[in-house]
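Letter by letter, the chains look like this.
There are 2 protein chains.
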Amino acid sequence: MTTYKDAGVDVHLKETLLRRIRDHVASTHRPEVIGGIGAFGGMFRFGGMRDGVLVASADGVGTKVKIAELLDSHETVGADLVDHCINDIAVMGAEPLFFLDYFSAGKLDPGRFERVVRGVADACREAGIALLGGETAEAPGLYSGTDYDLAGFIVGAVERDQILDPGGAREGDALIGLPSTGLHTNGYSLARAIVSRAADADRTEPIDVLRLPRHELRGGTLGQALLEVHRSYLAEIRALRKAATVRSIAHITGGGWEGNLPRALPDGLGAVVDRDSWIVPPVFRLLAALGDVPEDAQWETWNMGIGLVAVVAPEDERAALRALPDAVAIGRVERASRVPRVRWA
Amino acid sequence: MTTYKDAGVDVHLKETLLRRIRDHVASTHRPEVIGGIGAFGGMFRFGGMRDGVLVASADGVGTKVKIAELLDSHETVGADLVDHCINDIAVMGAEPLFFLDYFSAGKLDPGRFERVVRGVADACREAGIALLGGETAEAPGLYSGTDYDLAGFIVGAVERDQILDPGGAREGDALIGLPSTGLHTNGYSLARAIVSRAADADRTEPIDVLRLPRHELRGGTLGQALLEVHRSYLAEIRALRKAATVRSIAHITGGGWEGNLPRALPDGLGAVVDRDSWIVPPVFRLLAALGDVPEDAQWETWNMGIGLVAVVAPEDERAALRALPDAVAIGRVERASRVPRVRWA
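Taken in order, these protein sequences are the chains called A and B.
Okay, so the first sequence: first residue is 10 according to this note's numbering, each after it adds one.
Okay, so the second sequence: first residue is 10 according to this note's numbering, each after it adds one.
Be aware that a few hints might be false.
Since the list gives no way to pick out one identical chain from another, each pair is judged satisfied if it fits inside one copy or across any two copies.
[Claimed, not checked] 16 angstroms max Cα-Cα, derived EDC-like pairs, lysine to aspartate or glutamate:
id, residue 1, residue 2
1, K14, D301
2, K23, E267
3, K14, E304
4, K14, E309
5, K251, D81
6, K14, D60
7, K75, D19
8, K14, D305
9, K116, D19
None of these hints come from the bench; they were simulated from the model.
None of the values given here were measured: they were computed from a predicted structure.
The following block holds chain A by itself, in its conformation from the complex (with noise of 0.2 angstroms):
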């Protein structure tokens, strides 16, 4: 006899974990949402713009999950996500609305589920962004262990008139940076694969190349440093728009420098980014250093310290800086013909 329990998924632990997340879920519903929880879909009321366009993005936080478990810390991951998904359309120039999550898992654990989706609704309301609805996915085979996958889809809205276009980009336009808390979302295959290398050369396991504290991150762990949530920049974005013209705007995410500096310029434009203008947080160049990992390679995987990359007016460029205390001017807009896009200053 086969039950689906027996096949591995319990439909009545399901009910139970989302009887665990459902007050956390309620927690972040604005006034424009309708209805409860447990409708096949989320309702959002959408009105009253000039002409509005909805703006959307998926996206996950690939491996950073794996060095979540293997720290036993998921309560972060979340907030990683959602704040992962608001830069992607507050650079587009759009207000976030409401969000969705994708959890998925061999087996699920209530306390791990419980710990990962309130870290999502957290972020949430703190981004005054309702959770409107997720899918929470029993999959037994498809992920070995503990193992679970996150994703996440974010919808906001801008008058078309306030979309931020790479089309607006000029030659001469100053880039603002705005510095990143670490790796965020991206270069963590790389980041687990240096850990590992690491491990092997000292003959010890991973988990201890994590949890040993480091001189060159003052004390703290590599396993702390990995685990730094995701920046949200969206009060950063709204308050560079009152102060300057905004022309367009990067955030610099899987793929480094050249994978997402050239998404916020037109055709024929490229960026001079003078890499003295910050210092490279020492997370990155004890990766580098770990790992052996090339100058070029490191700067076309991680962030290597600024998450975000405004293209500014230039003569809007101290007003900008003003505007944002922790900003820096690190370059220029210049023409590009070819790739890269990205040339060192």
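Given chain A's structure and the hints, the job is docking chain B onto it.
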């Protein structure tokens, strides 16, 4: 020396993959879509409603992907995903607008990726939905072998006074069922466990169980039956609403009948369903026999041949049946003060 490629992630491969699907994605774009592929977020103009409500849902296809994997058949899981999402918001009364997908694998295989995402795009185009974006993640170590996970996210819209609300259902309302094409996207872990057990019993492999022609399936194979595409009920729901007063609709998905039909009913009401009013398709009976699955467990897991149940005003029952050639009258709404809320006549 460690580079991202050594770590199992090939950034340039990812660019190649995106080039491969660019045309498929672009082919789904409706006039409301602004901007090209490659922006940080997808943009969709939205307006012109009196009191518009956005309806969103996230879903996966569960371990149906493992069956696709076993049979090396990846063309239709995309349609499964899209159709599942369409139904989830269509039962709320919404018209679908756009879709985003999340594809995650341990190792990105270009051919497989294109087969899957092309299926997503084809299903979107067929339904008139824009494939507005998506995320492709290469997560070494999270999935074994060539496994992948697939999730989707849909946004639609409905005028507030056109929302299908469970609160509208009344005692005595008619239940109109629409046939499914098979398991749709739910109950695959149970199906896979049954296939494995049957393989063990016959001292053969699951693939052989899936490929054996069976008289119960008119010479077809269990593999074919398990990969039948999740049916989209969008056209039927539109036709039904024109012909009849529809109170609410349930999409029979994970959790089977008791898990879904009550979601279309207010507290205090349940359903009495005559299971003799349709013939349970042979794939369910075959699986149940192979796995010795108790009758109750079948109905708590699978849709058993009816994928959608509409709650219709009793005086419109005939009109509803006339509007939908393959619809069946399956029961009535009745008072129910306790669980289970679905009673078999």
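Structure-based check of all given hints:
{"no.": "1", "hint": "K14 / D301", "verdict": "between (48 angstroms within a copy, 14 angstroms between copies)"}
{"no.": "2", "hint": "K23 / E267", "verdict": "between (43 angstroms within a copy, 14 angstroms between copies)"}
{"no.": "3", "hint": "K14 / E304", "verdict": "between (51 angstroms within a copy, 15 angstroms between copies)"}
{"no.": "4", "hint": "K14 / E309", "verdict": "between (46 angstroms within a copy, 11 angstroms between copies)"}
{"no.": "5", "hint": "K251 / D81", "verdict": "neither (41 angstroms within a copy, 54 angstroms between copies)"}
{"no.": "6", "hint": "K14 / D60", "verdict": "neither (50 angstroms within a copy, 44 angstroms between copies)"}
{"no.": "7", "hint": "K75 / D19", "verdict": "neither (24 angstroms within a copy, 19 angstroms between copies)"}
{"no.": "8", "hint": "K14 / D305", "verdict": "between (50 angstroms within a copy, 13 angstroms between copies)"}
{"no.": "9", "hint": "K116 / D19", "verdict": "within (9 angstroms within a copy, 29 angstroms between copies)"}
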